[in-house]
Structure formats: structure tokens, C-alpha cells
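Peer 1: Listed below are the residues making up each chain.
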Amino acid sequence: MATMTIAKAINEGLRASLTNNPKSLLMGEDIGHLGGVYRVTDGLIKEFGDERVVDTPLAESGIVGTAIGLALRGYSPVCEIQFDGFVYPAFNQITTQLAKIHSRSLGKLTVPVVIRIPYGGGIGSIEHHSESPEALFAHTAGLRIISPSNAHDAYWMIQKAIECQDPVIFFEPKRRYWLKGEVDVENAGLSEDPFKAHVVREGTDATIVAYGPLVPVALAAANAATEDGRSVEVIDLRSISPLDFDTVEASVKKTGRLIVAHEAPTFGGIGGEIAARISERAFLHLEAPVIRVGGFHMPYPVAKVEEDYLPDIDKILEALDRSLSY
Amino acid sequence: MGSTQLPPGTEESLAATTAAAAAPGEPVEMVQLLGPDGKLGSDPVFSDYAKRIDPEKLRVFYTDMARIRRFDQEATALQRQGELALWVPLTGQEAAQIGSGHASQSQDYIFPTYREHGVALVRNVDLAELLKQFRGVSNGGWDPRENNFHLYTLVLAAQTLHAVGYAMGIQRDQKLAAASDSTDPKAAVIAYFGDGASSEGDVHESMVFAASYNAPVVFFCQNNHWAISVPTEVQTKVPLANRAKGYGFPGIRVDGNDVIAVHAVTEWALEHAREGRGPVLIEAYTYRVGAHTTADDPTKYRESAEEAAWREKDPLDRLEKYLRAEGLADEAFFDQVKADGDELAKYVRSTTHGLEVPDIREAFASVYAEQHPLIAEELAWFEEYSAGFESDQEAAN
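Chain order of the listed sequences is L and C. In terms of the working numbering, the first sequence is residues 140 to 465. In terms of the working numbering, the second sequence is residues 209 to 605.
With the rest of the complex left out, here is chain L (with noise of 0.2 Å):
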């Protein structure tokens, strides 16, 4: 066991699968001798040399639509979008190319590329530095996306993200990246398969799904409410795409009540996919409507009014008191 941030445990990870597998490799912008703009990939250039972690030109598209042509070549690349708010000049790399090239070929290419993208707000940024793009990518078939909000999953999931023959998207939540945790490098434990939820906090009352920055946000909201006799079950959902459904249905149906938090806009959003899904699963076992706790349907706002936009423990437990009334 080893106690160390989210990005010291992706840093960890890549250092990893870099070792491991000798066609790995990263690419990205800054992410040599800088180490990247949050450091994640500090130190990495150094040991690994420039042929394997790639400072590239600055062009989304272009570290995309290369580290397709290097995965259709035997190679496993792992692309940094240095932002959330940047990843939209590689969409159509990612969306057009990526996702289909696997099912355009029937099967017979795969292309193994991992996609990490910090994203989420709260860290007081300018504009297009705190955008939660996932739904964006989720809506695609072809596509995995997960996002570890603990140090140890981070450690895991990006060394399986890397093994994956599917492309990943890798969302870290920036804002937690220097949270720390506990981290077993030696077991990968529960975090053995990416792409299940985890039951992170047990309850009887209601269901809480949340997923990267505000697992934390959730479970504190769930101790909250145990000071009005409330017990809260909290879900950390780790793959967005695909969507651990089994999971959270267990859930309601013991708790027979469900809260969906995430950053990004509701409108449209993953939310609103558990809602409907859940309400086909489980409706009788449903003592009140899916309520959904994300972002307003407006671009990400200016910093300083961004906690009114955000998420928060009180955003969660209005919303909580709303299903236990219904």
C-alpha cells in the first residue's frame, strides 16, 4: 500500500504499462520535459525517452488521427488532450474514425487508443477549461469512457483502459487530482474490471449515482443525511460507456429511490439515460421519480459564478429530500 494523488497514481499507471508493454506509448502536447500542464505524465520523458512519450505539434486532431494510424500499426497509443474544452477539433477523428473503424472493418482491425482527458470544473479556470464532455462521446457506439475518482482505481483503470482492445476515453477528474488515497500496486482488487460500477457507501433509504469529481461530492452529501436518520447508498459508476445498469438497479430496488449527480448539463446528459433504463428495470420498485442533479443548459459559466452552477452536497440533499417526500 501506498498513499498517493489521483495524478501521482495515473503518473504510476502509465509508468506501469509503459513498462509492460513496449508498444505503449504517449502523446500529447507538453507532456515531455513540461510533464503536462497538471504533471501527470512528470518524469515519464526521462525514463522512457521521446520515442515513447511524444511531445506533439499542437493539434488535437493530428494526435488523434496519428495514434489511430499507430494503432493500425501494432502500436498502443495513449493521447493527452491537454483539456476537456479541447478535445473538439479531434471530434471527428474520434467519432468518425476511432468508434467505427473497428466495426467498418467487421472485426478485422482494432484500434486499441486510450484518450485521456481532465475534465469537470470547480478549479476557478477561463473558458473551456471546465467542460464535462462525455455524453458527447457516450452517444457513440464504439467508444469506451471511464473515470476514476479515487487514487487506487486511477493507479488500475488507466493500465486497463491501456489494455483494452476497444479506444478508451480516460476522463480524470482534474479537480480531484490531488486527492490522495490509499493505492495497492500489487492487487488490483475490485478495480480489476474498469468497466463495473461500485457500491462505495451502503444505504437502505436512497440511491446516489455519481461518477469521477463528485463521488466525493455524493458521499459526503450520504453523511449529511445521516444526521436526519437518513441512509443513503452511494454508487461510484467508473465506466460511463458501457454503463454498469445491473448495478444501480440492485440498488433501487432495495432502496426504491434515485439521484443521478453529474457535472455536465442534465439536459441530454448520462442522467437522464440511468432515469429512463431504471424506469424500465425497476419502475415498480421506484417510490419516486429519478431525480437528476447536474449542470444548467447553458455553456459552463464564468468562474466566479461557478459554484451556483456546479453540483454541490446541498444540491444533492435538495434533491434527496424531494424523492424521500414524493
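Don't take every hint at face value.
In the DSS-like style, the derived pairs of lysine-lysine whose C-alpha atoms are separated by at most 30 Å in a straight line are [to be verified]: (1) C:Lys383 <-> L:Lys162; (2) L:Lys162 <-> C:Lys394; (3) C:Lys383 <-> L:Lys185; (4) C:Lys394 <-> L:Lys247; (5) L:Lys247 <-> C:Lys383; (6) C:Lys546 <-> C:Lys529.
These aren't lab readings, by the way, just hints derived from the structure by calculation.
Based on these hints, arrange chain C on the given structure of chain L.
Peer 2: Positioned in the frame of chain L, the structure of chain C alone reads:
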């Protein structure tokens, strides 16, 4: 194959003569060896490469150009008869495709766009498989690994980046091979695109990346003068080959209807790339004689006189003139070529009719390489739903 070493000063002379920046309207240097009159000219650099082409090879060039033109006519007819949803004709561009395709070696990997039927022919792709996409029974059709010929990419220019990434992979492989004294032949990549796609950002990014990493890639731009209805002048104010200069690698405009020059220039460029001297841009100056696709109507945007002028520069006619004048092919040869073309057309027509309609279960099976619960769930639903119809039918019987 001859030496890959260019004589001293060749690079400089290339830079000076082939991609000299020309202001709009200025005449541009263009490599041409076989003129429309069927007479062989010379070039200070590329004549040496043309000399490698023996008479047998020349006859193969002619045969392949004729076969792919015949195939093109047959596919167009199949579309008109409702057998194909769409066809993308290549007529006029045979020399650009057959010449460059033959310059590639089997270890080279090729990324086509969607009009490179001639290159597909040279790379031994089964042309009936190529029609699957246009018949609506596949989004690909062949196994790209068998002939190192990638699937068609329909989102223009996306494949130019794949080509550069693939070339970066070759570079890494070659370093490993050098360390292990491997005798594998050196490889390069060709990225095909057109004058229309040259405006796409991905072409720019691919050239930036290729230059940055000195990737072994040849950018082969077929300037066929029309991006559907928009002429090249709207895409660029300078000859497209000149753009290479801005990225720091050689750019060469070649007469795209001259199969000898195209072969010579492409062979030079591939050797340049394979030997680690970096990327090359080739602009094959040619013309799309037919429509963009069978859904297009060129009479709405261009003069028939322009088409007629280009027919005078036809790639097959000029090689035929040369072969006849030099006594390299007789009437029996041309009769045989025609018969071979008809045979190919017959084969394509009969296999097109027989192309199997896939089961949607194939689509379920190929979305992901690894198990995915949503795919499994939706497939299970579909099976149950379909089974319902079957039992209804049984009940009705």
C-alpha cells in the same frame, strides 16, 4: 530496383525546378515524360527512374489502366441499373493511380480515399469486394492487412493523419529491426487525397506531423480539378505541390495523365521516404473526366469544351501511341487487353449480383472488440423480437 542514392545535387535541383513558388497565373514546372502525342521526353532527375520501366512493365501499365477503365464503366452501368446505390467514377485518373500504385512495394501501406479503384486493382484487392460498399452490404469490404491497402475513408482527409501515424509506427519498427539485424525491407506509406480534401485541416496537420517526425510518408494528391462542383482555384491560389515548401519537404507536380512520369516520381518519393529522408508531396495534375459520383451532374457547373480538351490528354491514348510507335505492342495485344477488360466486367457483374446481404448480427458482433453488456442486451432483445415474428409465421402456417 536500382540504387536509392540520388546523385549529388539532385535534392537541390528538385527543390529548384519542381516546386519553385509560382505566383497565381505563372507557369508551373511539371514533370512530364510521355506527352499527349505519345512521344517520350526527358527529365534531369526522373528519366533515370523511367529507364527502370521495361517494355513488359509498360504493357502491364496499359493493361491495368484499360482494365480499371472498363471496370469503371461496368460499375457505372451497375449503378444505373439499380444494382449499386452509388458509384464514384475514376475515368481520367487511371495513370495517376496505376502509375503510383505500381511504384509501391508490397511492404508499403496505402491509405486511399474513396476513388482509388486503380490502386486497389494494383494491390490485388478483389474488385467485387470493393463494390460491397457501393451495394450497401459492407462499410469496408476487404481485409486491409492482406494487401496493405486500407479501407476507403469517406470523411475526406481523415486518412492522411492515419497514414502519418502508421508511418511513425514503421519508423519505430525499423529502429527495433535495426537493433535486431532484421532483413525486412524498409517500408513507407502513401496517403491519397484530392484537391478538394487539400483544404481540410487534417491535411495540414498531417503534413505538420510528418515534417516534425520526418515520417516515411508520400502524400499523393490527385488534383482532378473539381471538388464536386467547386474548381481547384477556390481551394488554392498556388500550385498544390508548392505547399510542401511551407512544411519543409519536397513537393513535385507531375503530369497525372503520364503513367511513366507518375511511376518515376512516386518511385523516387517512396525511396526518399523509405531511406529516412522524410515526407514528399506529389501533386498529380489530372482531370476527373466523368461526374463526381453517379449522383452528380457536371453539365451544371462546367463546360463540355473543358472535358473535351482533357480527353485530348487521355492517359491511355498516349501510352497506346507510344507502344505502337515503338513496336512494343501489336494489335493482338490490344485485342487481348479488350478481352481481359470484358472478362473483368463480366466477373464483377456476376459477383455483384451474388454479393451476400449480411445479417445485422454481424454489426452487433463488430462494434467492440471486447465484450460489451449493452450490445449483448440489445442483441438479446432483437433475437427475442425476431423470434416473435417466426412463431407468428409458424402459427399462420
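Peer 1: Does each hint fit the structure? Answer for all of them.
Peer 2: Results of checking the hints against the structure:
1. C:Lys383 <-> L:Lys162: Holds, because 13 Å separates the two Cα atoms, which is no more than 30 Å.
2. L:Lys162 <-> C:Lys394: At roughly 19 Å apart (the allowed maximum being 30 Å), lysine 394 (chain C) and lysine 162 (chain L) satisfy the hint.
3. C:Lys383 <-> L:Lys185: Since the Cα atoms of lysine 383 (chain C) and lysine 185 (chain L) sit roughly 19 Å apart, the hinted pair holds (cutoff 30 Å).
4. C:Lys394 <-> L:Lys247: The hint holds at about 25 Å.
5. L:Lys247 <-> C:Lys383: 27 Å, holds
6. C:Lys546 <-> C:Lys529: Roughly 16 Å separates the two Cα atoms, so the pair holds.
Violated hints for the displayed structure: none, as all numbered hints are satisfied.
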